[in-house]
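S.K.: Work out the full structure, taking the sequences as your base and the hints as a guide.
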Amino acid sequence: RVTRDMEIASQIQISLLPESVPELFGLEIAGRCISAAHVGGDYYDYFRRNDHTLDVLIADVSGHSVGAALIMAEVRTLLRAQVSSSHSASDILNTLNSQLYDDLTRAELFITMFYAKYNTATGRMTFSNAGHNHPLIRRAGEESCIELDTEGLIIGVKPSVIFEERSIELVSGDVVLFYTDGLTEAYAPDGDMFGTERVCRHLGSVTHLPAREIVESFYSEIFAFTGSVTLQDDVSIVALKIL
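Quick note on our numbering: the sequence shown kicks off at 1 and runs consecutively.
FYI, nobody ran anything at the bench for these hints, they're computed from the structure. Given the structure is predicted, the values throughout are model-derived calculations rather than measurements. For glycine and all other residues, C-beta sits at the position ideal for the given N, C-alpha and C. There's no promise every hint is true.
Said to hold, decoys possible - Here are the in silico distance ranges between beta carbons for each label pair:
#	residue 1	residue 2	range
1	Ala224	Ala140	20 to 30 angstroms
2	Glu108	Thr3	16 to 26 angstroms
3	Glu23	Val171	13 to 23 angstroms
4	Thr77	Thr53	12 to 22 angstroms
5	Asp5	Val229	20 to 30 angstroms
M.R.: Now the structure itself:
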């Protein structure tokens, strides 16, 4: 019975992930989620808001259950319903928090989410965070990564939350990596953790590749690091590359 529930949840999760990549001038985007033992609460999405705006989000619903998968479905519905609006990243997180708070409290679940909006006309990316792992930017020719950090509580903790919003200008050659904690918290057989520094280092070695290959290279890296073909936790990765 539990296994059947997990299979259903897994099917729901897979069906919610974007099937196609939005075409916008001057950028490449790719994403992938590999689930651990059937199902988790990882979710990512990207969609065109208009001719020059791309929305990208990555989220992790606590728990590995049908409940978590259904919450993900609700998140996707709420987001897609306002795809034609001009809400800011912080407005969107605010709306999600107030609309999902009761359901999350009832289900004893919560969501971490990072939401970004990239404008191809201005080159600016605005973003807000609800307690999620900080995405990293690796610039061509630079030795370190920029961490995208803003203040914001996890969704579902308080009925009313203010999410800080920041912005950054992206330039040609930049790669933005969004990921869930399954990546940084993957363990090697000796107990060593993959960690953010390793993510940044690997990102630096693959920035010349297309977005799709950048994403795939991380999975090769993680399987080599853990010495296993199965993951302890879901690992979701989205790469946005500015051409």
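S.K.: Run every hint past the structure and note whether it holds.
M.R.: Evaluation of the provided hints:
{"no.": "1", "hint": "Ala224 x Ala140: 20 to 30 angstroms", "verdict": "holds (25 angstroms)"}
{"no.": "2", "hint": "Glu108 x Thr3: 16 to 26 angstroms", "verdict": "holds (22 angstroms)"}
{"no.": "3", "hint": "Glu23 x Val171: 13 to 23 angstroms", "verdict": "holds (21 angstroms)"}
{"no.": "4", "hint": "Thr77 x Thr53: 12 to 22 angstroms", "verdict": "holds (20 angstroms)"}
{"no.": "5", "hint": "Asp5 x Val229: 20 to 30 angstroms", "verdict": "holds (24 angstroms)"}
When each numbered hint is compared with the structure, no violation occurs for any of them.
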